[in-house]
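Visitor: From just these sequences and the hints, can you work out the full model?
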Amino acid sequence: MAEIKSIIGTQNKKGQTYTDTWKMMNEAPRTPSFFTGSEVIKEALRRASCDVMIAYPITPQSEAAALIGELFAEGYIGDYFRGESEFAVMSQCAGSAFGGARVFTTTAGPGTMRAMENFPMWAGARLPIQMIVTCRGINSPLSIQPDTLEIAYLLNTGMLVWHAETAQDFFDWILKGYMVSEEPDVHLPLALCCDGFFVTHTKDVVNLTPADMCLPPYDPYRSPVPCMDMECPPVRMMRDPFVMKSNYISYATHASWQQEIWAAVERSRKHSIHWLNGLIDTENTDADIVIVASGTAVSQGREAIRLLEDEGVRCGLVKVKTLRPWPEEEIREATKNAKHIFVPEFNVTGWLAKEIRATVPNHQRVHAGPHVCGGMTMPPEIIVSEIKTALGMKTFSLAGRGS
Amino acid sequence: MSDYRVLPGPEHFLPPAAASMGIRLPNPGEAHINGVITSEEDAYEEAARQFLMAKVPTIFPGPLVLWAWNEKAAKKATAIRHLFNTLKECVQPGQKPMLIPMPDYRPKYPKINPEVEINPNHPNLTIWHNKIDCCIFIGVHCHQANLSLKIIRGGTSCYTIAMCAQAGHEDAMLSFRDASVEKIMRLADTIKRLKGTVQPRLASANNGVSN
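Chains A and B, in that order, are what the protein sequence lines are. The first sequence begins at 5 in the numbering used here and counts up one residue at a time. The second sequence begins at 36 in the numbering used here and counts up one residue at a time.
Simulated from the structure, these hints should not be mistaken for laboratory data. Mixed in with the good hints there might be a few duds.
[What the hints assert, rightly or not] To give a feel for the contact side, a few chain A residues facing chain B, derived at Cβ under 7 Å:
no. : residue
1   : R130
2   : P188
3   : V229
4   : P230
5   : I253
6   : A259
Ideal Cβ placement from N, Cα and C applies to all residues, glycine included.
Guide: Dropping the structure here:
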C-alpha cells in the first residue's frame with residue numbers, strides 16, 4: 005500500500021492525476037453529460053488506469069469495445085486488440101492478468117457463453133479482471149435483443165456478479181469495481197452486467213468525475229497468489245498441477261481451493277458494502293407488497309409503483325445491486341414485512357426469483373414474475389397487472405384488442 | 036456475528052472455509068483469535084502463550100520472505116530468524132522449536148520430505164511427521180496460506196497462527212494483519228517477556244496428530 009499511496013498526486017503520461025479513489029468518486033466535482041451507456045463505459049475506462057483491453061465484436065457490446073479503441077489511440081490504455089474469438093479473448097485476458105496487468109473486456113450473449121470455460125479459471129487463478137456483460141438473448145433462433153439469461157450462468161463461476169440498472173451505475177461501478185475486486189482478500193474477477201440496448205444504446209444524463217483524475221494503478225504484488233513470472237522467485241506455482249493427480253491429497257487440495265474462491269466472494273461483501281453503499285437499495289419496505297428486482301427491471305418496477313400509488317396501492321422496492329456476493333441478510337430484512345414479493349425479470353427462467361425463494365422465509369410470498377424475454381420490453385403496466393391479479397383486483401390484458 | 040469458532044481440529048473430512056461460516060477479517064489495527072475480533076495487544080499475548088505452551092512450536096516462512104526479492108523481504112527474513120532464536124532461548128527442556136520453510140507452492144510428488152519443508156497442498160504431512168502442535172505462517176501468499184490453514188484444521192489438532200502482510204486469515208486460529216518487521220519483532224519481544232510464565236504442555240500427547 006505504501007507504494008500506491010506514494011503515487012497519489014502524481015501524473016500519468018496523459019497528464020491525469022492519480023487520485024485517491026474514495027475522494028475521486030465521492031468528493032470530486034461531477035459534470036452532467038448526456039451519453040449512451042457505451043459512451044459511459046468509454047468514459048469510465050478513460051479514468052480507470054487500465055493496462056490492457058481485449059474484446060471480440062458481438063452486439064450490443066461492440067460499440068463500447070470500438071470506443072475504447074479510440075482511448076487506446078489517444079494513449080489512455082496500455083494495450084488493446086481484438087482476439088480471435090470470445091474464448092480467445094478471455095484466455096488472453098487471463099494471460100495479461102497473470103502478468104500483473106489491470107484488464108478490461110466486454111462481451112455479450114453467445115459470446116459470454118462461448119467464453120464460459122474461462123470464468124471459473126479466472127476465479128480459481130484469482131485474477132481481478134473486469135468484464136462488462138451487456139446481456140442479450142443466447143438461444144437459437146438468435147436474438148440480439150435484451151435478455152438476462154446469461155447472468156444465470158455466471159452466478160456459479162466464482163466471479164463477483166453485479167447488475168447495473170442505469171448508465172450512472174455503470175460509470176461508478178466500473179471504477180469502484182476495480183477497488184473491490186483488487187483487494188488482496190478478494191482478488192476475483194468481476195462480471196459487471198447490464199441489460200443490453202436498454203442501457204448501452206440509450207442516452208441518459210450521467211454525472212462524470214473529472215477527466216483529469218484517474219484511479220491509482222493496479223499493484224500486482226498485493227495479489228494473494230504470485231504474479232506469474234516463471235523465472236524469478238517467489239514463483240513456479242504453475243508446474244505439476246495437482247489436477248493431473250488422482251489421490252486423496254489432490255482431491256482435498258482442490259476442494260480447499262474451491263472453498264477459498266467462495267470465501268473470497270464472501271470477503272468481497274465488506275468491500276462491496278463500503279463502495280456501493282450497501283448491496284441493495286430499498287424504498288418503502290414497510291409496505292405489504294414489495295418488488296425485488298435487478299437491472300432495468302428496477303426502473304420498470306419503480307414506475308409500476310408510481311402507477312399503483314395512483315390507485316391507492318402502496319408498494320416497496322428492493323434494488324439488488326450485487327448478485328455475487330448475494331445480499332441474503334439484506335433481502336430477508338427488507339422483505340420481512342411483505343405479504344407479497346414480486347420479482348419482475350427479463351428472462352424466461354426467473355433465476356432471480358429462484359434465488360429470492362431460497363433466501364426468504366415463507367417463500368410462498370414470492371411471485372416469480374412478470375417475466376418477459378427474447379427482447380420484449382416490460383411495460384410497467386404488466387407489473388401492475390400482475391400485482392393486482394395477485395391481490396384479487398380487477399385488471400385487463402395489455403395484449404388484448406377486444407373488449 | 037457468527038457463532039462459529041475457528042478452533043484446533045481435527046474438524047471435519049472437509050472443514051468449511053471460516054469466511055463461509057460468517058467469520059470476518061479484522062480491520063487495520065485489529066487481529067482475531069478463534070474468529071473473534073480482538074486487539075493486536077491481546078493477539079501478541081495469546082500467540083506468545085501458545086508458542087510457549089507448545090511441544091513443537093514451529094515457524095513456516097514462505098516464499099515472500101525466503102527470497103531476497105526486495106529490501107523489505109530481506110529485513111523480514113532477518114526478523115523471522117530473530118523470532119526463531121528468541122523462541123529457542125525461551126522454551127524449556129523438552130520443547131523443540133522448528134523452522135521449516137515453504138519454499139514454493141508446487142505439489143511435491145511422489146513424496147514430500149516433511150523434515151525439510153511444508154507444502155500448501157498437503158501441509159498436514161509435515162505437521163503429522165514432526166508432531167507440530169503450534170505453528171505460524173509468515174510470508175506465504177494469502178491464497179496458499181488459506182489452503183494450508185484449512186487443511187491443517189481439517190486433519191490435525193495443531194494451533195495455527197498467521198502473520199499476514201495483507202488483510203489476515205480467518206482460517207487460522209489467530210491472525211495478525213499488515214505484517215511488518217516491527218510486528219514480527221514485537222511478537223519476539225512478547226515471547227521473551229512471557230518466558231517462564233507459561234507452563235508447557237509436555238505431558239500432553241495432543242500434538243498435531245490426527246485421530
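Visitor: Which constraints among the numbered hints does this structure fail? Numbers only, ascending.
Guide: none
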